[in-house]
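Using the sequences provided together with the hints, build the complete structure.
Heads up: the sequence lines are chains A and B, in that order. The first sequence maps to residues 0 to 297 in numbering that gives the first Met the number 0. The second sequence maps to residues 0 to 528 in numbering that gives the first Met the number 0.
Derived by calculation from the structure, the hints in this document are not laboratory data. From the three backbone atoms N, C-alpha and C, an ideal C-beta is built for every residue, glycine too. Don't take every hint at face value.
What follows is a set of in silico ranges between Cβ atoms, one per label pair, in the way DEER data are often shown [as the list claims (entries may be wrong)]:
| hint | chain 1 | residue 1 | chain 2 | residue 2 | range |
| --- | --- | --- | --- | --- | --- |
| 1 | B | Pro266 | A | Ser91 | 52 to 58 Å |
| 2 | B | Arg66 | A | Ala45 | 37 to 43 Å |
| 3 | B | Gly67 | A | Ala228 | 49 to 55 Å |
| 4 | B | Gly251 | A | Ala228 | 31 to 37 Å |
| 5 | A | Ala83 | B | Gly348 | 36 to 42 Å |
| 6 | A | Ser241 | B | Pro266 | 58 to 64 Å |
| 7 | B | Asp228 | A | Tyr160 | 43 to 49 Å |
| 8 | B | Arg338 | A | Gln59 | 57 to 63 Å |
| 9 | A | Thr278 | B | Gly251 | 53 to 59 Å |
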Amino acid sequence: MAKKRRVVKRSKSAKRKARAGVPTQSARAALAVATSPRNTVKERVAAMSAATLAVCDDDQGLQTMLNLLRDRDEPIKVRLAALASIQAASFSVVAFESCRSDYIATLRAVMTDPDPELRQRVLGLLAREKDAAAGKRLIDGLENPAKALVPPEKALQLLGYDPHADVYKIARRMVEKPPNEAARREALRLLAADANSKGVFEKILRDKTEAPEYRRISASALHAIAPDALQKLAREIVLDSSESEDVQATSLTAISQFGDEAKVSGDEALLKRVTRLKTAPSAKVKQTAKRLLTKYGR
Amino acid sequence: MGVDVAEAILTADVAEDQFATLVDALAANQRSDALTALLAEDHAVYDQRGTAAIVRMRGWVLLALARGALPPGALIFVLEELDTGHDGYLVAAAARALRACAPRAEFAPFVMRAISNLRFRDDPVTFDEYGAYATSPDAITPVHELLATLAWLGPLAREIYPQFDVLRTPGSGLSKKLLPDLERTLEAVGPPSPSASARLAVASSASGCCDWSRDGFLTWPFAARAPADAVRATVFQDHNGETTTFADFFTGQPAIVAFFYTRCDNPQKCSLTISKIARVQQQLADRGVADRIRTAAITYDPGFDLPSRLRAYGHGRQMRMDAGHRLLRTTEGIEPLRRYFNLGVNFIGSLVNRHRIEIYVLDAAGRIAATFRRIHWNEQEVVDRAVELLNGDGHPDAASRDSIEQTRPEPPDHPRAAASLLGTLASLGIAFFPKCPICWATYVSAFGISSLVPIPYSPWLQPVLFGVMALNLAAVGWRGRSTKRMTGFALVAAGALAVVATKLGAVPEHASLLGVALTMAGSFASARS
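This is the structure:
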């Protein structure tokens with residue numbers, strides 16, 4: 000009974016310490032295992048997750064982990080595990096913010112690391128913080144592929160976190176001359192927040208030779224930056240019997256969900272065409288056509 | 000490269016590294032005026048650049064200013080950065096630039112506000128070279144610079160001493176590494192005592208370089224209101240998609256207008272501005288004038304801020320939105336609107352890359368009657384000004400113009416002194432102007448004796464000198480009117496009269512000497528006032 004009481008007391012104390020940000024003995028021990036090069040990589044990686052508590056609440060713990068992350072001589076698996084552990088510690092916002100400057104400085108130092116996975120993960124973390132140093136390196140890489148730290152599609156995706164990143168001009172260039180299909184897709188997604196790219200999306204949505212995926216992205220982007228232009232184009236697409244079924248379904252959804260009700264209900268040519276589409280071979284078109292007609296009482 | 004050349008090529012085309020070199024050249028030549036001009040958001044050099052590039056460029060300008068004595072005109076930009084800045088690099092550079100000014104107790108709340116804004120985002124910075132980003136754990140941080148600035152203020156920062164308690168508590172966001180800096184700052188500032196505070200306030204207001212009242216930076220009431228003709232036809236679409244024009248919405252009643260955009264990521268700027276406009280609306284309602292004073296918030300980013308976005312943004316900040324209170328996007332005439340309000344904004348594509356806080360109070364004719372720029376504005380002051388306009392101050396009669404002009408920023412001393420000197424020289428020139436070619440030959444023989452190149456007979460010079468003298472008289476008169484000190488004008492007028500009378504032969508020749516002396520005395524009295 001007494002032993003049980005002691006255990007309960009110890010566990011309450013551990014919880015109290017944890018709440019107060021005081022690392023427990025086990026966390027400190029785990030940190031020692033994780034950072035010691037005498038242990039195997041497997042043992043060190045396993046100890047990393049248990050060491051999280053000791054990382055930020057103890058200056059030395061964080062410094063040790065950050066040094067480990069910086070150290071290119073350490074095994075990459077250990078460094079990746081260290082990064083994951085530091086990230087986990089960062090969820091304890093109040094405690095972690097007091098270590099933030101060291102954390103950011105280390106991430107900036109590691110973003111040019113030779114290991115592509117570490118580099119990409121670190122750039123991802125910095126991009127989410129809208130870090131200007133990372134933004135500059137990503138843009139430099141898009142302008143000069145020899146300097147690229149990550150593939151262009153990834154760079155565009157990461158730059159998308161910051162609407163103020165100076166990337167729209169590059170993205171428009173990539174839509175015209177993409178290094179690969181994934182980069183073109185990401186460039187189009189990025190441009191969906193750029194009001195000056197309305198013309199780019201109108202052109203793609205009109206172009207029947209473009210892949211349906213790009214045309215769908217364009218429809219979605221137009222809805223964000225020029226909804227009136229989308230409604231006009233969607234009507235044209237629905238009325239055009241030679242159009243792709245995929246894009247017709249998207250257009251029907253756009254009209255049904257966001258169209259001007261007064262305009263649509265008075266548009267007999269459009270409603271007649273949608274009635275015909277109710278029997279179209281494509282299940283998707285059929286379904287969206289029915290939905291639109293139901294909304295307008297047909 | 001000469002600094003004049005440097006200034007001339009500071010355009011949108013200049014590369015960033017070239018810009019840094021030019022800024023260094025301006026700093027080396029102590030061209031703080033040219034550096035201050037580079038802090039204006041709408042400067043051509045910032046057009047079509049990314050936000051990050053602008054941060055690097057403005058930061059470098061602030062650091063260049065920090066190397067000399069901070070010119071009075073730059074203080075408002077430094078305080079603005081401390082008040083509302085959210086980029087660590089710029090705030091750290093502003094903290095350093097502030098230390099190039101004479102310390103004043105009024106700076107302390109700005110510095111403390113910057114610490115509050117940044118303590119949870121205290122990212123490392125380096126000032127070692129242009130465009131560098133800190134990667135070392137030993138790098139300085141914005142809060143480090145801000146604490147150093149508070150330590151520099153020393154006892155002048157005692158008023159904010161109680162606020163240090165927040166920084167000392169765990170979870171304050173302050174880095175553990177900065178605790179020694181905090182202790183050093185506390186030691187330099189010292190605890191407050193009522194008598195010491197009073198003494199410090201007096202000492203502070205008597206000190207030198209950065210005179211706030213002259214800069215007029217908290218509120219800028221407008222003097223001679225420019226007509227709104229150029230923007231009457233500007234077309235807006237409101238949060239409900241309804242169309243109106245400047246003439247329709249902004250005339251007939253006074254109005255309070257703010258500028259913003261929904262993608263602004265600085266919580267101290269646009270988001271707060273709209274929340275404060277909502278509070279302004281509440282105050283107008285409390286005073287029973289909500290139907291007699293209009294409010295509007297106009298987006299800088301009309302391409303992206305469609306009615307649905309405006310509506311959601313206003314709704315999220317409890318803004319009243321109806322026929323008299325609207326969120327607007329410009330659909331036609333954005334350039335005239337930008338020029339009319341002299342908006343402090345620049346763009347990359349259609350997206351804002353940098354802007355200031357700006358609120359305007361318009362009279363019933365749509366003319367700008369008051370402006371509140373850069374520093375956080377007080378809702379009560381804005382409402383008071385609008386209510387004053389409603390109660391009859393909206394008409395630009397002479398009395399109201401004079402009272403407003405007193406608070407306008409005054410022109411710098413140097414051009415004023417130069418103008419006075421020119422006017423005096425003109426009077427001197429007229430007084431001694433030779434009557435004929437023979438007199439001229441006699442005069443210029445003196446040049447010959449001095450081995451100077453003789454000047455050909457130039458009878459056209461006399462009307463030019465008369466013109467310059469008249470200009471000087473007008474300038475002194477204008478200045479006397481705005482300062483309400485007409486002694487200088489009276490002296491210059493008497494001097495001009497004496498010189499002209501002499502030339503017309505109405506009074507003896509030696510009266511022209513008296514005229515020159517009176518002009519000189521009057522001009523310098525005006526320059527000093």
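Structure-based check of each hint:
{"no.": "1", "hint": "B:Pro266 x A:Ser91: 52 to 58 Å", "verdict": "violated (23 Å)"}
{"no.": "2", "hint": "B:Arg66 x A:Ala45: 37 to 43 Å", "verdict": "violated (54 Å)"}
{"no.": "3", "hint": "B:Gly67 x A:Ala228: 49 to 55 Å", "verdict": "holds (53 Å)"}
{"no.": "4", "hint": "B:Gly251 x A:Ala228: 31 to 37 Å", "verdict": "holds (35 Å)"}
{"no.": "5", "hint": "A:Ala83 x B:Gly348: 36 to 42 Å", "verdict": "holds (38 Å)"}
{"no.": "6", "hint": "A:Ser241 x B:Pro266: 58 to 64 Å", "verdict": "violated (50 Å)"}
{"no.": "7", "hint": "B:Asp228 x A:Tyr160: 43 to 49 Å", "verdict": "holds (44 Å)"}
{"no.": "8", "hint": "B:Arg338 x A:Gln59: 57 to 63 Å", "verdict": "holds (59 Å)"}
{"no.": "9", "hint": "A:Thr278 x B:Gly251: 53 to 59 Å", "verdict": "holds (58 Å)"}
Figure legend: structure checked against the earlier numbered hints; hints not met, in rising order: 1, 2 and 6.
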